[in-house]
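> Sequence:
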Amino acid sequence: MEPDPLLPVIPRWIEFSQFQVNPYFAWLFSGRITCTVSGYEISLLPAAFFSNQMIVPSAFSGQIIDLIKSQFLTYPPCKRLAIKYWGLKERECIPKRAVPIRIVENKSGIKVLEILATMQACVDKVTKIWLDQTRQLRDAVSRVDYRQDIWHVSGAPKLIIGFDFPFNHPGLWADPLMAQAYYNMLDNHQASHNTYSSLENRLAEWVPIELWPGYKSL
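First residue of the sequence shown: 9, per this note's numbering; consecutive thereafter.
Please note that a few of the clues may not be correct.
Stated by the list, open to error - Straight line, CA to CA, 20 Å or less: simulated SDA-like cross-link-like pairs of lysine to any residue:
id	residue 1	residue 2
1	LYS115	PHE27
2	LYS77	LEU124
3	LYS136	GLY163
4	LYS166	PRO54
5	LYS166	ASP132
6	LYS166	VAL29
7	LYS136	ARG146
8	LYS133	GLU122
9	LYS166	LEU139
10	LYS87	GLU23
11	LYS77	ALA125
12	LYS77	GLN61
13	LYS119	ARG88
14	LYS77	ILE63
15	LYS119	SER150
16	LYS166	GLY39
17	LYS133	ARG40
Unchecked claim - Label-pair distances were calculated between CB atoms; the ranges are:
id	residue 1	residue 2	range
18	VAL107	ARG151	24 to 32 Å
19	LYS115	ASP153	18 to 26 Å
20	SER69	GLY163	20 to 28 Å
21	ARG105	PRO85	21 to 29 Å
What the hints contain is simulated information worked out from the structure, not anything from laboratory work. Glycine residues also receive a C-beta, built at the ideal position from the N, C-alpha and C atoms.
Please construct the entire structure, taking both the sequences and the accompanying hints into account.
Next up, the structure:
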């Protein structure tokens, strides 16, 4: 689909990193939140495997949530976002793309409490998907040399907050929020980046590299 030359050229939001995320929201996930082309990746706590908890419970974090729950998640306010996870190709330890699980939408702008509630509702499903991916990785490790590029399962389950726009969105190229085709290109680029990022970094999410024989030759 080619852009209509008769449509006006207007600024578009291309990626979620163009928005300023509420700093108090980011603090809740300190050390576990990373900005990427596809959106903000948030690693879940190990405790989430057993208790379904997304945030370290404390009196202070509870007070922060109470203070910011009615604030906008981003500036400028964003009206529609998706919660996603990194999917793998079936029975292969090869990254696919960010797969949407749930949509958050508010025409007045998404609030912190709305995104937290939606993320919390996704924790159990994403954790189960990640556990299944780790079984795929374990099977791959048992069959191939560790230096082969199979380490595409993260060391912890992750939620991704990012854009979501359907291909059949009316006025595809005129929409002031984003050009869908370019967004999907960026999304696929991020998957490729995950594929070809440092093997050492991905391996180190599971086992300290110095414990592997011959790691200096990686």
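> Each of the hints needs a verdict: does it hold here or not?
Quick rundown of the hints versus the structure:
The hinted pair formed by LYS115 and PHE27 meets the criterion: a straight-line CA distance of about 16 Å does not exceed 20 Å. For a cut-off of 20 Å, the pair hint linking LYS77 to LEU124 stands: about 9 Å separates their Cα positions. At most 20 Å may separate the alpha-carbon atoms for a hinted pair to count; LYS136 and GLY163 meet this at roughly 14 Å. At roughly 11 Å between alpha-carbon atoms, LYS166 and PRO54 fall within 20 Å of each other, so this suggested pair holds.
As the CA atoms of LYS166 and ASP132 are separated by approximately 11 Å, the hinted pair is consistent with the 20 Å bound. Only pairs whose Cα atoms come within 20 Å are accepted, and LYS166 paired with VAL29 is accepted, the gap being roughly 18 Å. Proposed proximity of LYS136 and ARG146 is supported: the alpha carbons are some 15 Å apart, at most 20 Å. The hinted pair formed by LYS133 and GLU122 meets the criterion: a straight-line CA distance of about 18 Å does not exceed 20 Å.
The suggested pairing of LYS166 with LEU139 holds, with an alpha-carbon distance near 12 Å, which does not exceed 20 Å. With a C-alpha separation of about 14 Å, the suggested pair LYS87 and GLU23 falls inside the 20 Å cut-off, and the hint holds. Proximity of LYS77 to ALA125 is assessed by CA-CA distance (about 10 Å); at most 20 Å being required, the pair is judged to hold. Simply put, LYS77 and GLN61 have alpha-carbon atoms about 17 Å apart, close enough for the 20 Å limit, and the pair holds.
Our distance criterion of 20 Å between C-alpha atoms is met by LYS119 and ARG88, whose separation comes to about 11 Å. Proximity of LYS77 to ILE63 is assessed by CA-CA distance (about 14 Å); at most 20 Å being required, the pair is judged to hold. Distance check on the hinted pair: LYS119 and SER150 sit about 45 Å apart at the alpha-carbon level, beyond 20 Å; violated. With a CA separation close to 13 Å, the supplied pair LYS166 and GLY39 stays within the 20 Å bound.
Pair hint LYS133 plus ARG40 holds up; C-alpha atoms about 19 Å apart against a cutoff of 20 Å. Separation of VAL107 from ARG151 is about 25 Å and conforms to the stated range, judged on CB atoms against 24 to 32 Å. Here the CB-CB span from LYS115 to ASP153 is close to 53 Å, at odds with the stated 18 to 26 Å. The hint said 20 to 28 Å for the Cβ distance between SER69 and GLY163, and at roughly 23 Å that hint holds.
Taken as a hint, the range 21 to 29 Å holds for the pair ARG105 and PRO85, whose Cβ atoms sit roughly 26 Å apart.
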